[in-house]
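Sequential numbering from 1 applies to the sequence shown in the UniProt record's numbering.
It is worth saying that the hints were derived from the structure and are not from the lab.
Some hints here could point you the wrong way.
[Said to hold, decoys possible] For each label pair, taking beta carbons as the anchor points, the in silico distance ranges come out as:
id, residue 1, residue 2, range
1, 159, 239, 17 to 27 Å
2, 8, 160, 18 to 28 Å
3, 153, 98, 16 to 26 Å
4, 246, 72, 50 to 60 Å
Heads up, the beta-carbon is just placed ideally off N, CA and C, and yes, glycines get one too.
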Amino acid sequence: MLAKKLKFGDTIGVICPASGDEKEKITSKIELLKSLGFNVKIGEHVYDKYGYLAGKDIDRAFDINSAFQDPSIDAIMCYRGGYGTMRMLPYVNFNLLKSNPKIFIGYSDITTLLNHVYRKNNLITFHGPMANSELKDDTLKSLLDTLMNGDKPFSIKNPDNTQLKSYGSKSVSGIIVGGNLSLICATIGTPYEINFKDKILFIEEISEEPYSIDRMLCQLTLSNKLQQCAGFILGQFKDCSNGKELSLECVLEHYIFSLNKPVIYNFMCGHNTPNLTLPIGAKATLDISGHVIEILEPIVK
1 MLAKKLKFGD
11 TIGVICPASG
21 DEKEKITSKI
31 ELLKSLGFNV
41 KIGEHVYDKY
51 GYLAGKDIDR
61 AFDINSAFQD
71 PSIDAIMCYR
81 GGYGTMRMLP
91 YVNFNLLKSN
101 PKIFIGYSDI
111 TTLLNHVYRK
121 NNLITFHGPM
131 ANSELKDDTL
141 KSLLDTLMNG
151 DKPFSIKNPD
161 NTQLKSYGSK
171 SVSGIIVGGN
181 LSLICATIGT
191 PYEINFKDKI
201 LFIEEISEEP
211 YSIDRMLCQL
221 TLSNKLQQCA
231 GFILGQFKDC
241 SNGKELSLEC
251 VLEHYIFSLN
261 KPVIYNFMCG
271 HNTPNLTLPI
281 GAKATLDISG
291 HVIEILEPIV
301 K
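Using the sequences plus the hints, can you model the full thing?
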């Protein structure tokens, strides 16, 4: 199932499924979105606060349900991540989402929504920048190219000044799933966990030391999840290289590269700049010799 592609003049619904922000900051980011050529409609509870959450769980879920149901909204962009998305998953009406397919964009804590919307409804979602992101340069170009021109197959490459690397001797095809490693692990054993079988798993992380990355990848190994994957895309691991004994590289070698499956790595996607847009649920090929991700089918219509 595909959403309609984005065009200038469309209305973007902005919601806060996790943490929020000061009203002045949210307002300034909304104005930036408008300056890019879009109308913006904010969720009823965007300015709410409930401790470290952007309002109560049922209210944040209400904004998601309402945004998908609202015929005036063409695409839905989360304002930020932080924490809280998992708490309100039971209140999200995924059947309602299925009958109103729309572009849905976010990353970090939004990982659980991106993947479950795809798994439950077969609707491609988008791991990409949010309303509070730095929407400029390669980040903005990737976002707009994907959402506006993704009605035909295309390739995803890093910017020219950052080498996209690969591991393995042959290419592999599969459906892209994944996102933030902490959130992927947090859903294991719940109704919202990812289906890993024959998938291309994308992972990224921020501010986790190598031992913590080790623990999470160990969990995925002991639960036989990584072994089921067809291949891997490794995004940015921002501020995750403070290991004094085992480096991040050693940890990734132990759990990922040792599986001898195709890997694309150093992909500029995640908590870094630029943050390229990656469609979750898209059929793709990891072109190992060409160091490129090939999206094989349209991801919007």
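>> Can you tell me whether the CB distance of residue 159 to residue 239 sits inside 17 to 27 Å?
In response: holds, 20 Å
> That 16 to 26 Å hint for residue 153 and residue 98 (C-beta), does it hold up?
Replying inline: holds, 25 Å
> Do the beta carbons of residue 8 and residue 160 sit within 18 to 28 Å of each other?
Replying inline: holds, 26 Å
>> Between the beta carbons of residue 246 and residue 72, is the distance compatible with 50 to 60 Å?
In response: For residue 72 against residue 246, whose Cβ atoms are near 52 Å apart, the range 50 to 60 Å holds.
Violation of the numbered hints given earlier is absent; every hint is satisfied by the structure.
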